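Heads up: the protein sequence lines correspond to chains A and B, in order.
Quick note on the working numbering: the first sequence kicks off at 1 and runs consecutively.
Quick note on the working numbering: the second sequence kicks off at 1 and runs consecutively.
Calculated directly from the structure, the hints in this document are not laboratory data.
Please read all numbers here as calculations on a predicted model, not as lab measurements.
Glycine residues also receive a C-beta, built at the ideal position from the N, C-alpha and C atoms.
Treat the hints with caution; some may be incorrect.
[Stated by the list, open to error] Restraint-style ranges between C-beta atoms, simulated for each label pair:
no., chain 1, residue 1, chain 2, residue 2, range
1, B, P145, A, V19, 47 to 53 Å
2, B, R46, A, V18, 44 to 50 Å
3, A, V16, B, K33, 48 to 54 Å
4, A, I91, B, G57, 24 to 30 Å
[As the list claims (entries may be wrong)] Which residues of chain B face chain A? A partial, calculated answer using Cβ under 8 Å:
no., residue
5, G40
6, G48
7, L75
8, A76
9, H90
10, P145
11, N146
12, T148
13, E151
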Amino acid sequence: MRGIAIWLALTSALAVPVVLAANSPLLAWRQPVYIAAGFAGILALALMALQPLLAAGWLPGLERAAGRRVHRWVGVTLVTLIVVHVGALWITSPPDVVDALLLVSPTPFSDWGVMAMWAIFAAATLVLSRRALGLRPVTWRLGHTTLVVIAVIGTVLHAMLVDGTMEPVSKTALCLLVLLGTVGAVARLRAWTMLRRRRA
Amino acid sequence: MTHRLVSRRSFVIGATVAAASGLAVPARAAGLKPTPTMRGGANNYRAGAPVVDRIGGGGFWMSGTVRRAGDGAPLAGQRIQIWAHTTEGHERDPWSHGATLTDANGVFRLEMPQIVPAFGQAHGHLAYDSGDFQTVFLRPVMSSPNDTSLEAHFVLQPA
Numbered sequence: 001m002r003g004i005a006i007w008l009a010l011t012s013a014l015a016v017p018v019v020l021a022a023n024s025p026l027l028a029w030r031q032p033v034y035i036a037a038g039f040a041g042i043l044a045l046a047l048m049a050l051q052p053l054l055a056a057g058w059l060p061g062l063e064r065a066a067g068r069r070v071h072r073w074v075g076v077t078l079v080t081l082i083v084v085h086v087g088a089l090w091i092t093s094p095p096d097v098v099d100a101l102l103l104v105s106p107t108p109f110s111d112w113g114v115m116a117m118w119a120i121f122a123a124a125t126l127v128l129s130r131r132a133l134g135l136r137p138v139t140w141r142l143g144h145t146t147l148v149v150i151a152v153i154g155t156v157l158h159a160m161l162v163d164g165t166m167e168p169v170s171k172t173a174l175c176l177l178v179l180l181g182t183v184g185a186v187a188r189l190r191a192w193t194m195l196r197r198r199r200a
Numbered sequence: 001m002t003h004r005l006v007s008r009r010s011f012v013i014g015a016t017v018a019a020a021s022g023l024a025v026p027a028r029a030a031g032l033k034p035t036p037t038m039r040g041g042a043n044n045y046r047a048g049a050p051v052v053d054r055i056g057g058g059g060f061w062m063s064g065t066v067r068r069a070g071d072g073a074p075l076a077g078q079r080i081q082i083w084a085h086t087t088e089g090h091e092r093d094p095w096s097h098g099a100t101l102t103d104a105n106g107v108f109r110l111e112m113p114q115i116v117p118a119f120g121q122a123h124g125h126l127a128y129d130s131g132d133f134q135t136v137f138l139r140p141v142m143s144s145p146n147d148t149s150l151e152a153h154f155v156l157q158p159a
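Just chain A, same shape as in the assembly (with noise of 0.2 Å):
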């Protein structure tokens, strides 16, 4: 019963803020390549919602190996809709993405979220080259966990500053949802005090 309560909770939490934006009026005026761009962001902002708790095994059903085998899965929607973020943003109005992508754009909040992709797709490489650098287990969350938390700062500061398709209030409630489970997640993974252990 609270694992159903905690999932419905879960699911509204995550599919309002898109329903809201999906009835956003600038739809009316953007191309597809435009809509699926902006979409593509927003869901991947939603995801970022559901990694910490997927992380720390706080979600009913997925505790343990179960959450962290989703988690994985996750990783890789996440990576995927940030290329089509950026890829259909390009289509759309390439000058602005290339602005971005240098870091000369005269929007600030791109730089949070070119900052944001390349902690990403970082955290992402360093899971796929985890055997390979034959990193320790400590080494390798102190690592994760560092990425991931310079993607979330960057991410909610990028949405934030974005005036977008979003609803203000519901992005802002999805935004604390992700900086609260990404706190939570690491203070219950407790990723500093290995590193502390391990120099003791």
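Got chain A; can you put chain B on it based on the hints?
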């Protein structure tokens, strides 16, 4: 794209001069600095936008002034190109682009469709590139996406 680099010293001097010259008539201010091109100002520019009475159905006003660097004299008959993401088209659509000429007082004013937020900000683009003066691209941002007008001002220096 030229980037505006303002050192702390030049900012302090500029701010002091601006404060001291608060009572001067701006149109005749001596040593008026040329307007620098803004970041992203030239994005989706299309050369040779035609001079039009109005872009599309109108309802939104883009206006501003064009003056000469140094003495601030108004420049008449200067061609200013304007484009934006509006309710009638994207920045890249040819019909989103139009041009107008300044009047005897160096003032321009062109009606165009309502600008709507695109790429995260409700903004417009303007260009001076007729050759007599150095090319300048501006990218003013609306303080609210509900605004129905936007201003941009050019101070040009001879090419």
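Tested hints:
1. Against the hinted window of 47 to 53 Å, the Cβ-Cβ separation of B/P145 and A/V19 comes to about 21 Å, which falls outside the hint.
2. A C-beta distance of roughly 35 Å is found between B/R46 and A/V18, which places it outside the suggested range of 44 to 50 Å.
3. With their beta carbons about 50 Å apart, A/V16 and B/K33 fall inside the hinted range of 48 to 54 Å.
4. For the pair A/I91 and B/G57, the beta carbons lie near 27 Å from each other, so the given range of 24 to 30 Å is met.
5. Checking B/G40 against chain A by beta carbon gives a least distance of about 4 Å; that is within 8 Å, so the hint holds.
6. A distance limit of 8 Å between C-beta atoms decides the matter here; for B/G48 the minimum to chain A is near 18 Å, and the interface restraint is violated.
7. Here the hint on B/L75 is broken, as its CB sits about 26 Å from the closest CB of chain A, past 8 Å.
8. Hint on B/A76 is violated. Least Cβ distance to chain A is approximately 30 Å, over the 8 Å limit.
9. At its closest, the beta carbon of B/H90 sits 7 Å from a beta carbon of chain A; the interface hint therefore holds under the 8 Å criterion.
10. Interface restraint check: B/P145 against chain A, minimum CB-CB distance 6 Å, threshold 8 Å, status holds.
11. Restraint check, B/N146 versus chain A: the minimum CB separation of about 11 Å is more than 8 Å; hint violated.
12. A hinted interface residue such as B/T148 counts as satisfied when its beta carbon comes closer than 8 Å to some beta carbon of chain A; here the least separation is about 16 Å, so the hint is violated.
13. For the restraint placing B/E151 at the interface with chain A, the shortest Cβ-Cβ distance is roughly 17 Å, beyond the 8 Å limit, so the hint is violated.
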